[in-house]
Every structure is written in C-alpha cells, then in structure tokens.
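Undergrad: Quick mapping for you: the protein sequence lines, in order, are chains A and B.
Using the numbering used here, the first residue of the first sequence is number 1, and each one after it goes up by one.
Using the numbering used here, the first residue of the second sequence is number 1, and each one after it goes up by one.
Treat the hints with care, as some may be off.
Straight-line Cα separation of at most 30 angstroms, DSSO-like style, residue types lysine-lysine; simulated pairs [as the list claims (entries may be wrong)]:
no. : chain 1 : residue 1 : chain 2 : residue 2
1   : A       : Lys153    : B       : Lys195
2   : A       : Lys153    : A       : Lys101
3   : A       : Lys101    : A       : Lys113
4   : A       : Lys101    : B       : Lys281
5   : A       : Lys101    : B       : Lys195
6   : A       : Lys113    : B       : Lys195
7   : A       : Lys113    : A       : Lys153
No wet-lab data here; the hints were simulated from the structure.
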Amino acid sequence: MATLELRGLTKVFGATMAVEAFDLDVGDGELVCLLGPSGSGKSTVLRMIGGFETASSGAVLIDGQDVTRMPPERRPTSMMFQSHALWSHMNVAGNIGFGLKLRRLPRAEIARKVEEALTLVGLAGMGERRTDQLSGGQQQRVALARSLVLEPKILLLDEPFASLDQHLRERLREEVRDLQQRLGITMVFVTHGQDEALALADRIVVMRDGRVQQVDRPDRLYRHPETPFVAGFIGQMNLLQVTVAGGRIAHPAFDLDVTATDGPALLAVRPEALELIAGEGAGRLHRVTDFGSHAVTEIDLPGGERIKAMTPEVPAAPPGTPVTIKPLRAHLYRDDRVIWSSDAMSRTSTRAHAHG
Amino acid sequence: MSISVAQDRGRGQTGLLLVLLPVALVATLIIWPIVRAVMDTLIVTGPDGASLSFASYRFFFTDAHSMGNLRITIWTTAVSVSILMAIAIPIAIYLRFVTGRTAAVVQALAIFPLFVPSIILAYAFIRVLGPNGMVDLILGSFGLPRIRSPYLTPWGPVIGFVWDNLPLSVVILMAGLSNVTNNAVEAARDVGAGKFAILFHIILPRIWLSILVATSFVVLGLFSAFTFPYLLGPAAPEMMGPFMLRTFGDVMDPVQARTQAVITFLICAVFGWFYVRSIAKNRARREAA
Numbered sequence: 001m002a003t004l005e006l007r008g009l010t011k012v013f014g015a016t017m018a019v020e021a022f023d024l025d026v027g028d029g030e031l032v033c034l035l036g037p038s039g040s041g042k043s044t045v046l047r048m049i050g051g052f053e054t055a056s057s058g059a060v061l062i063d064g065q066d067v068t069r070m071p072p073e074r075r076p077t078s079m080m081f082q083s084h085a086l087w088s089h090m091n092v093a094g095n096i097g098f099g100l101k102l103r104r105l106p107r108a109e110i111a112r113k114v115e116e117a118l119t120l121v122g123l124a125g126m127g128e129r130r131t132d133q134l135s136g137g138q139q140q141r142v143a144l145a146r147s148l149v150l151e152p153k154i155l156l157l158d159e160p161f162a163s164l165d166q167h168l169r170e171r172l173r174e175e176v177r178d179l180q181q182r183l184g185i186t187m188v189f190v191t192h193g194q195d196e197a198l199a200l201a202d203r204i205v206v207m208r209d210g211r212v213q214q215v216d217r218p219d220r221l222y223r224h225p226e227t228p229f230v231a232g233f234i235g236q237m238n239l240l241q242v243t244v245a246g247g248r249i250a251h252p253a254f255d256l257d258v259t260a261t262d263g264p265a266l267l268a269v270r271p272e273a274l275e276l277i278a279g280e281g282a283g284r285l286h287r288v289t290d291f292g293s294h295a296v297t298e299i300d301l302p303g304g305e306r307i308k309a310m311t312p313e314v315p316a317a318p319p320g321t322p323v324t325i326k327p328l329r330a331h332l333y334r335d336d337r338v339i340w341s342s343d344a345m346s347r348t349s350t351r352a353h354a355h356g
Numbered sequence: 001m002s003i004s005v006a007q008d009r010g011r012g013q014t015g016l017l018l019v020l021l022p023v024a025l026v027a028t029l030i031i032w033p034i035v036r037a038v039m040d041t042l043i044v045t046g047p048d049g050a051s052l053s054f055a056s057y058r059f060f061f062t063d064a065h066s067m068g069n070l071r072i073t074i075w076t077t078a079v080s081v082s083i084l085m086a087i088a089i090p091i092a093i094y095l096r097f098v099t100g101r102t103a104a105v106v107q108a109l110a111i112f113p114l115f116v117p118s119i120i121l122a123y124a125f126i127r128v129l130g131p132n133g134m135v136d137l138i139l140g141s142f143g144l145p146r147i148r149s150p151y152l153t154p155w156g157p158v159i160g161f162v163w164d165n166l167p168l169s170v171v172i173l174m175a176g177l178s179n180v181t182n183n184a185v186e187a188a189r190d191v192g193a194g195k196f197a198i199l200f201h202i203i204l205p206r207i208w209l210s211i212l213v214a215t216s217f218v219v220l221g222l223f224s225a226f227t228f229p230y231l232l233g234p235a236a237p238e239m240m241g242p243f244m245l246r247t248f249g250d251v252m253d254p255v256q257a258r259t260q261a262v263i264t265f266l267i268c269a270v271f272g273w274f275y276v277r278s279i280a281k282n283r284a285r286r287e288a289a
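Just chain A, with the same shape it has in the complex (with noise of 0.2 angstroms):
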C-alpha cells in the first residue's frame, strides 16, 4: 500500500526552472506516466521522487511521510534507468541480490529471492549467466528484477524501453503492466512516446517546460486536450489559425458555428474528425498514403496550410482534385487553454468554396 504525494515541487538548476510547482497526487497501485517532449522537467521530477535530485522548495509525500531530504538509499522508491545501468562485473544474480546482500540478509534467502525475481521476469534460471551476454530485452527485465525484489513501495521508471526496438518495447510494456497489476505496485513511467503513455497509464500527466500541461486519464486526454501543446502532443492534430466573428468561424475551406466570443483563436481538428467530400471545394487533394487499415490523405488549404484526414477507404481522387473538408469534432483554443469544444457536428455547418 502506497500512496505519493508531490506538493509545489520546483527544481531549479543555475538560472533554468527545471520544474515549476509540479503536484500531483498518485493513488495506491496505481500507473501514472509523465509525459513530454525532452526537457520538460519529466525525469527531473521522476529523479527528485527517487532522491537522485534534491527539490529546490516543495514535498515529495510517501504514504504521508515527507522524504523529501532523504538520499536515495533510504527511500521506499526503486528507479529503473533508461540504460538499464547494470553493473557488468556481477552476474545477474548478483545484480538481482546486491541490494539483499546489503541489507545482510542470509545468503539462502538472497537466492530464494533472486529466483523468485528471476521467475517473475520470464529469466528462470539464468542467474550464473553474465549481464554482457544477455539481450537488450533481457538486461531490461534483470534491471526490473533487481528493483522489484526489494519489494519497493514505489516503481519508478525513466524511460526504461527507449533503447529497445518497436516490437520488444510493446512486449515489455504489456509485461510491465501486468506485472504492476498483478503486483498491485504504485508506479511513475517516465516517457517521450505517447503510445506509451496510452498504453501503459491509468492517468497521464502532459508536461512541457517544467510545467504541467494536463493530468488525466489516457482517453479524455486524447479527447478533451485542454491546451493547445496537449492537442498537437497526444496523436495527430490538425492546427489551424481561424478568426471567431458573430459565432462563426469563416475559413476559406469551411465554417463553423462555434460558442466563442469573436477574435483569433486556434482550431484543432484530428485527422479522423475530418470528413473529405471530393470534386469540389477549395481545398486540394496534394497525397494520399495507403496504411492498409486506413488512408491518410493531406489536404492543401487556400491559406497555405496542409492538413491530413485520416478515412477508411482510399480516396479514389488524383492529386490537385478540388475537396471539401468538414471538421466532425473540433477544439478551440485561445490564451493557450481551450474555449470550445466540440462532440458532435449539429453545430456545425460546411460550404463548399468554389475554387479559382
């Protein structure tokens, strides 16, 4: 049973604000991921939780107990690091045991424990091997054995998969989730890929320059982005500069009745919430890339922009045919957090521009 609580964590490295007033609150067994571009301040609070970095002002809370002086070696936490950072000179078992063998546990124990680990990872077995001549995938589940068999209350992990190919990483990211619910463990994912994120996390906090963008859980984040970085962040996302006039936005493409007071705003349009109507229209047909489960079409607009729609069938229209777009769900934003949204298109009316 663990519970972590960050209160107002700022971390400020020289005259860089690393991360600004960072809270958050993380139940008991549950899979938070921190998310963001590089730089964000993501693994920065990740390392301030383990201890590896000392908060410049605010709380780092396990269970209710404020660890935020503590060092590393006396927290409830284990870090799991992107180069799995093994220590080469020790076989696996002593990788897995090093941190039972500090605590002077009986050295029967120490191998019952390493097995059970050594189990639980899929390595059975394979504690006499040397850690240069596992695999990639396999080095990364010894890391994760050795954090886990001291049982610790909180699983921090810093991009742990980044190394590893498309295909191991999906793996281990499912193996890594069962685990976590079969273990009941609270765990903090620190990652740059979204597909992680939504695959991995039962909440997802966006961050970008120190700064939390948004914490919610993967699909009203994807849904519902309540900042325009949220938006082009998670997924694909067509931005487009548009001017709000008498309800109305007035693009050379499309309209749209909108809940905004008027003024220049942002529209946000997924490629998948964009019907295409071809043979007329202002818009022009510029590729289309068949991916077998469905097409992605890119649009050229009026304005210069290029926008994607993603549909079931391919297009059947050469490139340069005329098109008409028609946002199905959309999202306004101005001042950098949302002002309308959109589920349904009752409110919404499209024109087709005759072009040239």
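Model the placement of chain B on the given structure of chain A, informed by the hints.
TA: This is chain B only, laid out in the frame that chain A set:
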C-alpha cells in the same frame, strides 16, 4: 578463387612489411642488448676458453651492499606506489563525479607536474623542503624550529616519485572511471548502497584494470628511475639506477653493473608479465561476451 588467394597473400605481405621496421627496431635495440647483457653475466672467458658461471649473481645476492640497494629500491617502489594510489584514486574519483570551479583547480594542480621535468621537480623539492629551504625560512622568520628535512632520507625519493607520477596516474584512473556511469552509481544508491559500498562494490571492481595499468607504469618507471634517487635520498643504500651507474662508471665493474641490470630487468619482467596477462585475460573475456 586464385585471384582472391593472391590478393590475400599480397595483403599479408604488406602487413608483414608494415610491422617489419618496429619489430627490427625492438629486436636490435632492446632484445639483442638484453640477450648480450644476460650472456655477458653468465659466460666467463678464461685461459681455458668460455665457460658458464653464476659468480656475478652469487656475488650480488651475497653482497650486503648490493642487497641493501635492491631492498631500498623495492621498499621505495612499494611505498611510493601505495601512497600514490592512496592519493590518486580519491582525486580521480573526485574529478569524475564533481564538477565546478574547485574541481577544475584540483585537476589543474594534479596534472601540472606532468609538464615539469623531473630534475626541476627535484630541485623545487630541495628548495622548498631541503635544508634552508622555503619552509625553513618561513618557520625561521616566526622564530620556530627548523623541520627535519626528508631530503636526504629514503622518504625524499618517495615524495618526489609521488609528485612526479601523480598526473599520469590520475589521467589513467580517470580514463578507467569514465566506464563507471552515473546511472551505475545511482542504481547502487537506489538499492541501498552507501558511499563505501559504492566504492568497494561498484567503483573499484570497475577500475581495477586502470589501477593495474597505472601501478605497472609507476613500478616499471621507478625501478629504472635515476634523476630522483640521484638527487634525493641517502647516499647508501641507494636505488638501483644510480647504483648501476656508479658500479659501471666509478667502480668500473661492467659485469656487475650488467648483473644488476639483469636482476632489475627480471623483477620488472615479472611485473610486466603479470600486467600483460591481466590485460589479455580481460580482452579475452570481452571478446567472449
């Protein structure tokens, strides 16, 4: 197929030609003089012709003065290497894991003697710690008693050697420490390792080869050292470097001087063999992985 065989043969001959010059140099300038020296110490030419004799070695190992010089050389080497590693390892670890202005100053001070010739270091040592040196002058200006200078004691060469060999040792150890990643240390802290556990279980096992390399360089250098033991330390017993020169030049006994050189060489060769064996074993282990 015949073309590829001919090409392979051509490449092989080119390779042999490339290594011919260094091999010839080593053979003529190192191997042959060693063989000659060993033969000169073992073969005695008398009225009845040449014969095998261990007399010069028997003399060396039964002569108290020669054995005293060998002992002081081994003592100086062992003490210098121990002190050097005790200083160089913490400095290298500090420089590996600490950044900032203080670390830059420490690095500059540790590396500086690398660019100063040994003879200058020896004279600097005499001018600072020797009789009427800078320390004495400072103490005298405050009315304090003079120091008992280590200049002419066996500790004189030890201090000189430590100072002179510190930069190279620190550089070699730092190269080894670059293999110890921050994550490896953090992972150890994460499982509960304190500073000493990290040092003994994570850092030292990863840099033992660098320690061995640094130790080997220092040991081989110290056994053949001349400048420091000539300028610093007692006149008797003396280290093998000046002893060999004196036996050759002053005593005019070239056979005994060669015997001393062969004995010095054999001790160094044992250490060299140990070093090469360790490097080869480590390479074989890496290649097997």
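Undergrad: Looking back at the numbered hints, which does the structure fail to meet, lowest number first?
TA: Violated hints: none; all satisfied.
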